[in-house]
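2 protein chains.
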Amino acid sequence: MQSHHIVSAYDDELKYLTRKVAAMGGQAERLVDQAIAALVNADAALAKKVIADDTILDEAQREIDDKSIVLIAKRQPVAGDLREIIGAIRISADLERVGDLGKNVAKRVVAVSEGRQPVSLFRGLQALAELALTQLKEVLDVYASRSVERIEFVRARDNQIDAMYTSLFRELLTYMMEDPRNITPCTHLLFCAKNIERIGDHATNIAETIYYVVTGDQMPIDRPKEDKTDKVVMPVEIAAK
Amino acid sequence: MQSHHIVSAYDDELKYLTRKVAAMGGQAERLVDQAIAALVNADAALAKKVIADDTILDEAQREIDDKSIVLIAKRQPVAGDLREIIGAIRISADLERVGDLGKNVAKRVVAVSEGRQPVSLFRGLQALAELALTQLKEVLDVYASRSVERIEFVRARDNQIDAMYTSLFRELLTYMMEDPRNITPCTHLLFCAKNIERIGDHATNIAETIYYVVTGDQMPIDRPKEDKTDKVVMPVEIAAK
Chain A
1 MQSHHIVSAY DDELKYLTRK VAAMGGQAER LVDQAIAALV NADAALAKKV
51 IADDTILDEA QREIDDKSIV LIAKRQPVAG DLREIIGAIR ISADLERVGD
101 LGKNVAKRVV AVSEGRQPVS LFRGLQALAE LALTQLKEVL DVYASRSVER
151 IEFVRARDNQ IDAMYTSLFR ELLTYMMEDP RNITPCTHLL FCAKNIERIG
201 DHATNIAETI YYVVTGDQMP IDRPKEDKTD KVVMPVEIAA K
Chain B
1 MQSHHIVSAY DDELKYLTRK VAAMGGQAER LVDQAIAALV NADAALAKKV
51 IADDTILDEA QREIDDKSIV LIAKRQPVAG DLREIIGAIR ISADLERVGD
101 LGKNVAKRVV AVSEGRQPVS LFRGLQALAE LALTQLKEVL DVYASRSVER
151 IEFVRARDNQ IDAMYTSLFR ELLTYMMEDP RNITPCTHLL FCAKNIERIG
201 DHATNIAETI YYVVTGDQMP IDRPKEDKTD KVVMPVEIAA K
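From first to last, the protein sequence lines stand for chains A and B. Residue numbers are given in full-length UniProt numbering: position 44 of the first sequence equals residue 44, and the series is strictly consecutive. Residue numbers are given in full-length UniProt numbering: position 25 of the second sequence equals residue 25, and the series is strictly consecutive.
Quick caveat, the hints were computed from the structure, so don't treat them as lab data. Check the hints yourself; a few may be wrong.
You can't tell identical chains apart in this list, so a pair holds if it fits in one copy or across any two.
To be verified - Keeping only pairs whose Cα atoms sit at most 25 angstroms apart, straight-line, the calculated PhoX-like set for lysine-lysine is:
id	residue 1	residue 2
1	K48	K194
2	K67	K231
3	K48	K231
4	K48	K228
5	K231	K15
6	K231	K49
7	K49	K137
All values reported here derive from a predicted model rather than from experimental measurement.
Chain A with its partners taken away, still in its complex shape:
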């Protein structure tokens, strides 16, 4: 009986950890969602809330880290259980970073709303954010359901995010060239777009971690997770106008 009791307490601890990671995922999603809403609606009050809420994710990560390490030391897990705990440490680090990126978008709300950007830019940014959020949401669903066979969508969508980000990058540069008064707000929007693109990368990281947790194997190293804007050079004709 005693041994049964111990095993079951251990199970509870493991389950607590995964539930905590899943909850943190939901919080990260909400934070990014609100950050984008604050940006698109120039809502400084919501931006302020997002910036404050980010500490919830910092604290969640710290708790998951602490609990994981205590669990390893106390239970000396091997195989699947050990991967589960290492997975919790990794995923919570990615989610904490997602929160930082959302916060960073929120922090630019005031600087962006000083200018008057074309509505199409916000539409582009919103579409990019929706794609990144869908990516995050599906990855967290896979974490909950353990259905790693569904993980291939991640790479396909990461390519879409990259393509959308690159086209937004070009569009922002064009607006900057058309009118120097667009330069400051569009630069902040560029960084917002970059932050959102990075959220997609973290979703991909999480997918890779889940794959490892469930299968014990690493996903093949070859993957698209790359910023493709590094070679973007705008034609000088536009600049010379």
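Please arrange chain B on chain A, whose structure you already have, making use of the hints.
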């Protein structure tokens, strides 16, 4: 004798892990150093080498991760040894990301060299990179020497890096406003500067991990690691010129 043999093999495994992390630190430093040199000298061949070399860091991280997990499963470490192994996992993740950031700078070399930027911009970027590299170097020294009492320098220097990055950010925006032909190359330089600022953040992360490994405590959460450019709005007079 048998037990002595086992303990000593375990010690060797732990030492191998820390040596591997230290070596990875040296590789990351070199990669960033070369990325900056490639950028400043518009050296496309060196940039190409840096981009290729980044896989060395990817592989090093994967090896450290694998070895760490095997070590935990096999040796069931507690207390200091467990922190040492968890520390290796975390630090190698930060170093892998430093490599990515260096690679990202290298990837922009071609787009930047299309324009002719004022020398002062490169001087600013070089100074920023030197500060970030010194930060990384000292943090790795602390990792080797375990002298955590020296760790306070990290926060002071991170403030310096942030201040320098903010002034570079303003300078780049000014150049963009002066001549639209500067917009494309200066945008790439903005991202290079941001990447370098992030390298400083990762050095700070590593410092925090070392503190945890050595003391068993978390460093207080309050810290400067923040991008301060989010509120930068350039005066419209410059834009209206």
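Results of checking the hints against the structure:
{"no.": "1", "hint": "K48 x K194", "verdict": "both (21 angstroms within a copy, 23 angstroms between copies)"}
{"no.": "2", "hint": "K67 x K231", "verdict": "neither (44 angstroms within a copy, 37 angstroms between copies)"}
{"no.": "3", "hint": "K48 x K231", "verdict": "between (35 angstroms within a copy, 13 angstroms between copies)"}
{"no.": "4", "hint": "K48 x K228", "verdict": "between (32 angstroms within a copy, 16 angstroms between copies)"}
{"no.": "5", "hint": "K231 x K15", "verdict": "neither (46 angstroms within a copy, 42 angstroms between copies)"}
{"no.": "6", "hint": "K231 x K49", "verdict": "between (37 angstroms within a copy, 17 angstroms between copies)"}
{"no.": "7", "hint": "K49 x K137", "verdict": "within (22 angstroms within a copy, 37 angstroms between copies)"}
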